[in-house]
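Participant: Let the hints inform the model, and build the full structure from the sequences given.
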Amino acid sequence: MAHDITADAAHAHEEHHESPVVFGFWLYLMTDCIIFGTLFAVFAVMRNQFAGGPTGKDIFDLNGVGIETALLLLSSITYGFGMISAHQNKLGALRGWLGVTFILGLGFLFMELREFSHMVAEGNGPDRSAFLSAFFTLVGTHGLHVTCGLLWMAVLIVQTGGKTVLSERMTNKLTCLSLFWHFLDIVWICVFTFVYLMSVI
Amino acid sequence: MADAHTDHSGASHGSVGSYLTGFVISVLLTVAAFGVVMAHSFSPSGTIAAIAILAAVQIVVHLVFFLHMNTSSEQRWNVMAFVFTVLTVFILIVGTLFIMHDTSINMMSR
Chain A
1202 MAHDITADAA HAHEEHHESP VVFGFWLYLM TDCIIFGTLF AVFAVMRNQF
1252 AGGPTGKDIF DLNGVGIETA LLLLSSITYG FGMISAHQNK LGALRGWLGV
1302 TFILGLGFLF MELREFSHMV AEGNGPDRSA FLSAFFTLVG THGLHVTCGL
1352 LWMAVLIVQT GGKTVLSERM TNKLTCLSLF WHFLDIVWIC VFTFVYLMSV
1402 I
Chain B
36 MADAHTDHSG ASHGSVGSYL TGFVISVLLT VAAFGVVMAH SFSPSGTIAA
86 IAILAAVQIV VHLVFFLHMN TSSEQRWNVM AFVFTVLTVF ILIVGTLFIM
136 HDTSINMMSR
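Those sequence lines, one after another, are chains A and B. So for the first sequence, the numbering used here puts the first residue at 1202; every next one is plus one. So for the second sequence, the numbering used here puts the first residue at 36; every next one is plus one.
It should be emphasised that the hints constitute simulated quantities derived from the structure, not laboratory data. The beta carbon of each residue, even a glycine, is placed where N, CA and C say it ideally should be. Any given hint might turn out to be false.
Coverage of chain A stretches by chain B, computed from C-beta distances (three or more under 8 Å per stretch; other residues unrestricted) [claimed, not checked]:
id, region
1, 1219–1231
2, 1278–1286
3, 1313–1325
4, 1385–1394
With beta-carbon atoms standing in for the labels, derived distance ranges [to be verified]:
id, chain 1, residue 1, chain 2, residue 2, range
5, A, G1265, B, G130, 32 to 38 Å
6, A, G1326, B, T123, 38 to 44 Å
7, B, A74, A, M1371, 45 to 51 Å
8, B, S53, A, G1265, 28 to 34 Å
9, A, D1262, B, I126, 32 to 38 Å
10, A, I1268, B, M115, 36 to 42 Å
11, A, I1304, B, S50, 22 to 28 Å
12, A, F1224, B, V129, 26 to 32 Å
13, B, M73, A, Q1250, 22 to 28 Å
14, A, R1370, B, S78, 20 to 26 Å
15, A, G1363, B, F133, 52 to 58 Å
16, A, V1321, B, V51, 40 to 46 Å
17, A, G1265, B, F125, 29 to 35 Å
Facilitator: Set out below in structure tokens:
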């Protein structure tokens, strides 16, 4: 039995070995998942505490949310194409796809900030009601993550510039950001479903 | 094609086809969720159940096609950490809702 396990492990090692850096980053993402879980729990508790202020139905614009969703989903797949280029060592294509992903992410952020500023301008800022506090905290935290992802992406575009071959370290960095970016898209699925869509039913 | 890269990240980084498959399924699920809400075709509780299921399916699609999660041995610890996190988040959210609901009933704040 013990022998079998060793043989199995040896086989697995031979077949493929994921970098410990990437696994460590995966564990960080899992803790991030718990942060978002907490914020979703807060929102679920506060979602009907309007304090006489507007409800989600009054202030959410589903068309805008639809466009944001489309931008983020498209950016997920363009980053994926970038990773495929990276694994084929086509660095020009990699930078191109990262650039496209960056612009899509920037478009998402622009839409979100425009929505936020409209809401604040109309007096529906985070100080209006518990519902809006929870809304701004949850969606704002996601937006902050997207901002960090964009900064990271810009740094990687610069760092891969002028290179002809990707070092293992650089590939790990790209892989970590790809996990981060796809993870943010998954969080956004929960945001548009449980925050926006459920509030307008 | 995949064999050329077994030295690093192996078969776990997906192909153009798998990304496109995941993308098309995600678009369909997203459009379905927005459509169900905008069309008002179900009762409110039916709509909530429908979009929750659509979201759960889409999360699985993203995990498989974009994050390349699978049951292979190289992914064992990633999947284990993920399952543990899902359990933690489940306890967190359901526990919070249960306690806060109970509190608001006992304090008659509704």
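Participant: Each hint needs a verdict: does it hold in this structure or not?
Facilitator: Hints and how they fare:
no.	hint	result
1	1219–1231	holds (count 5)
2	1278–1286	holds (count 5)
3	1313–1325	violated (count 0)
4	1385–1394	holds (count 6)
5	G1265/A x G130/B: 32 to 38 Å	33 Å, holds
6	G1326/A x T123/B: 38 to 44 Å	32 Å, violated
7	A74/B x M1371/A: 45 to 51 Å	47 Å, holds
8	S53/B x G1265/A: 28 to 34 Å	30 Å, holds
9	D1262/A x I126/B: 32 to 38 Å	34 Å, holds
10	I1268/A x M115/B: 36 to 42 Å	37 Å, holds
11	I1304/A x S50/B: 22 to 28 Å	24 Å, holds
12	F1224/A x V129/B: 26 to 32 Å	29 Å, holds
13	M73/B x Q1250/A: 22 to 28 Å	26 Å, holds
14	R1370/A x S78/B: 20 to 26 Å	54 Å, violated
15	G1363/A x F133/B: 52 to 58 Å	56 Å, holds
16	V1321/A x V51/B: 40 to 46 Å	42 Å, holds
17	G1265/A x F125/B: 29 to 35 Å	31 Å, holds
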